[in-house]
Amino acid sequence: MWPSTRTSSSRTRTSGSLSLKGVPRVARVLAREVAVTALLLLGVSVVVFAILYLAPGDPFSLLLEGQMSAGVPGQGVHEAMGAPKEWHARYLSWLAGMLRGNFGASIRTGLPVLEEISRVGLNTLLLTLGSMAVTLLVAVPIALYAAVRGVNRVSFPLTMAAYVMSALPVFWFGYVVIYLFLHTFGLFPLALGSPGTGQGPNRLYLLLPIVVLGLGNGTLGEVIRHLREEMGRVLSEDYVRTARAKGASVWKHAFKEGFLIPVTEIVASKIPFLLGGAVIVEQVFNWPGMGRMVWQAALDRDFPVIMGIAVLAAVFVRTGSLLQRFVYIAVNPGASRETAERRAA
Amino acid sequence: MKKRYVQAPEEAGGPSGLRFFRKTDAVDLLFVGYGLLIVVLVVASYLAGVFRLLPYDPEASDLGLLLAPPGTVGHLLGTDFMGRDIFARLILGIQAYFLPGLLAIAVAIVPGTALGVLAGYRPGRADTVITWFSNLVDSFPRLVLILLVVAAFKPDIYYIMVVVGLANVPATVSLVKVKIRFLREKNFIEAAEGLGLPRRTIVLKHILWHHCRASLIIRATLGMGEAILMETSMSYLGFGVQEPTPSWGNMVQSGANYFLQGNFWPSTVPALAILLAILGFHLLGDGLNNLLERKAIH
Amino acid sequence: MSLPPLLKIENLKTYFHSRGRQAFIRSVDGVSLEIRKGETLGVVGESGSGKSVMALSVMGLVGAAPGVIAGRIGLKTDGIQKNLLQDLDDYVERVEADGRVVEVRKDVVGWQKNVERLMARVRGKAVAMIFQNPKSSLNPYLSVGRQITEAIRLHTPCKGGAESRERALHWLERVRMDSPRLRYDNYPRGLSGGMCQRAMVAMALSCEPSFLIADEPTTGLDATIQSRIADLLAELKADLGITTMLISHDIGVIRRLSDSVAVMYGGMVVETGPAREVLAAGTESCHPYTAALLASVPDERHIRGKEPPQAIPGDVPDTIHVPNGCRFFGRCVRVTAAVEKECTSLLPPLSEITPGHAVRCWLYGGG
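Chains as they are written, first to last, in the numbering used here: chain H, 1 to 345; chain X, 1001 to 1298; chain L, 2001 to 2367.
Looking at chain H on its own, in the form it has when it is part of the complex (with noise of 0.2 Å):
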């Protein structure tokens, strides 16, 4: 939501690198990344932890002692002799039951958290990535003819609009979509349970938040600028215009670096942007997803379930940007590390 300028304030920074000889480069490479992410992930427990312990009012007793009572039966002598003290054991002993899969009790239903979770995550995960594939679906024909084209009287009012977009709340668009929905087929939006249900319009209005929050999550802007940035670079650049001199399809050659890439590039970015998003439109479609349940749970202040959405969530992130790692591994073995270097600010 803090549109970057020139760099982009979210691409997964890399800096240094370590290298051992032998071992096949990919490999390498791929373990190196994967290893980052896990020790991200570990960090981001940190964070959740600290957070929780520094709370007055001791939450994380009451997240220990949940998670004891939603552990399978059995678990260990350790935790049978009850909730540890020190903040070190404490704190090891709540991320083995998390890699447990045992993120404790939600305090308002007593449910097991995970259980919780994962009944509408999947309504999330789907929100999530629809409105990804919106928000691509209207920012890459904008910026592709903008980076062929400059500016000119079509691209720059649909840039224009784009900025706009950007800068609307996305809570009071929803209720505009709603309205019209309403008007135009005269059928009161349900709070529906899960997707797949309903018939007729009321299909339709699936379609409505991810569209909402495809449209509205404030990162069409960039989106449309720096892919068109990108490939407008990567045009201009030598080896397309050799490839334009001998007759061969400049797109074909601009894709990897001009397309490829940067798409992956902004989507990974933004992904913290749409789940956040999501908390937002959930609200207001009523739309039963981890969003709607962590605002919940910080109205009842059920730690055990905001912490899991938390970390979650974080995982979500960390894969996102993962993948686009491995795209990028894939897409150029090992060829021009100085534009990894440069890119990686």
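The reader is advised that the hints may include incorrect statements.
Said to hold, decoys possible - In silico lysine-lysine, BS3-like type, Cα no more than 30 Å apart, as pairs:
1. K1002/X - K2082/L
2. K252/H - K2082/L
3. K2113/L - K1003/X
4. K256/H - K2135/L
5. K1003/X - K2008/L
6. K2113/L - K1002/X
What the hints assert, rightly or not - The calculated label-pair distances, taken between Cβ atoms and stated as ranges, are:
7. V1073/X - Y179/H: 23 to 31 Å
8. G1196/X - K2306/L: 32 to 40 Å
9. L30/H - N2011/L: 40 to 48 Å
10. L111/H - F1153/X: 22 to 30 Å
Claimed, not checked - Residues of chain H clear of chain L, computed beta-carbon distances all greater than 10 Å:
11. V34
12. E65
13. T159
14. V164
15. R244
16. N332
Hints were generated in silico from the structure; no laboratory data involved.
Yeah, the Cβ is synthetic: ideal placement off N, Cα and C, and Gly gets one too.
Please arrange chains X and L on chain H, whose structure you already have, making use of the hints.
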């Protein structure tokens, strides 16, 4: 459709104003102009709110005139569901994000530049660690992190803004790092060190003041834009500024129920205010970036 | 002079526009050249003389606006006979004042589409081009072999993977690439500048074009590699006899490979003729710029005697504020009182001094 290219006749001095206008992109000037207008309005309204120089009474409930549309006599922008004047509440609502926004900006920029300098000046261990921290911070969706903090501590807009600020530290770090790398490539830093300049001077005066100043200002404008977005979003969700204190976010929320019944104004007026304000800061940042930064890059 | 020219450029004008200065950059300002089949024309001149822009104009690769605004480029080779700037006047309107273009109206998008159509069967097939900076001119994301076979599959009857690979390898050997089979799978990153240039040459020639444009093929390479590439080009010239336009600011390379030479200055051709004549050092029947250029090349005498090389006084010509008369006037050391007046006020035309050798200078008469 033919584009026109003209060779202007040789002018001795020429109307310099017009020349500048042609040189720079008119669009960027427009953006900056609009952005500055918004900044002025926001600051003026903030001060008006603080000193209670309001056109109407924000708390008076005119029960006979609920949900009045804009243009109603006595209420330029209408009234909300409790009959309170929207215009006045709009002005007060700025207080919800103005100072907190400045806090967010400060939290983003001060540690950000410090870490950025550390990471960029002597790449190596420090750089790797700081990069890892940047990636760590970037792993969280901001809203979720805010909810976590709000649930753990309290729904205080200042706490929220600290989180927002911290979440933007990576971007500032990156900005400063890139600048330093650029200066290193141009051997600027080497030259300065060779001249015997003390490191502190190099960093503070040359790097930060001369080269990073513009980018940081742009970051700050975008930061205010984000602060507005975050504050209004959180207030909409009920965790930021709470009723009866007005916030543009909670004004949209309270008007939302009536929106679907056809009374869109109580919700739409604050929403438009959010739009115009955020757009102003974004365009200001963008315009300044094109005017200042693009010229500086070789 | 008996054969019709393979390439005939007539009065080509390629301009760019600076919005900041509200002025035209007259990169190519009325250039006319001819190349006959089998001939190698060396185009020599300083940076900014418009040589590269001229080559890009021939290929239709001028990106910035307004680009090509006037002229005719006739290409006549097996199977093709066309004006590469056909219908240009449908897309461009020029307004002139005092014999100089001051306003241009051009349908840039429409013209580009037209060019793509005109050049569709020409690029890579009839005319091939190699560039300077070979490392950045190759796609870093594809292996060298892939890029060569791409060209082969596009422009030759070779279709199958194995067939085009064989052909690519054959050409890699022909450009004297060491370990061709190994290099085939390398990425440009793993190759030196010289090797990349060899690959580019292989890529261009593997489609057996009728005409090759080489834009500064040795510039930017290490000194020893430069001469090796020049060797390669000489060898290929002897073997294939391919018609070539060789662009360079390195007189040594031009001298080595050219049959005829065109000297460019300030966007115009100032001298053209057989290489032997134009590059003959010390003769008087030569454009002052050419003479100065030849004199500025350090030779044995300079190196042994430790004399400083003779630089040409003055600055690179301004292609924005173009003077009225001869563009070299400010730096010319051979101005005489007799011609000074014309030199400052009128642009001299290209006039023949001996058959086949023309000079644009008032010292050699006009008209």
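Structure-based check of each hint:
1. K1002/X - K2082/L: holds, 25 Å
2. K252/H - K2082/L: holds, 28 Å
3. K2113/L - K1003/X: holds, 15 Å
4. K256/H - K2135/L: holds, 18 Å
5. K1003/X - K2008/L: Holds - the C-alpha atoms of K2008/L and K1003/X are around 29 Å apart, at most 30 Å.
6. K2113/L - K1002/X: Holds, at about 14 Å.
7. V1073/X - Y179/H: 23 to 31 Å: holds, 27 Å
8. G1196/X - K2306/L: 32 to 40 Å: For G1196/X and K2306/L the Cβ distance comes to about 37 Å; the hint holds.
9. L30/H - N2011/L: 40 to 48 Å: violated, 59 Å
10. L111/H - F1153/X: 22 to 30 Å: holds, 26 Å
11. V34: holds, 24 Å
12. E65: Non-interface label on E65/H holds, nearest chain L Cβ at 55 Å vs cutoff 10 Å.
13. T159: Given that every Cβ of chain L is farther than 10 Å from that of T159/H, nearest at about 18 Å, it holds.
14. V164: Non-interface label on V164/H holds, nearest chain L Cβ at 27 Å vs cutoff 10 Å.
15. R244: At roughly 6 Å from the nearest Cβ of chain L, R244/H sits no farther out than 10 Å, so the non-interface label is violated.
16. N332: violated, 5 Å
Taken one by one, the earlier hints fail for this structure at numbers 9, 15 and 16, listed in ascending order.
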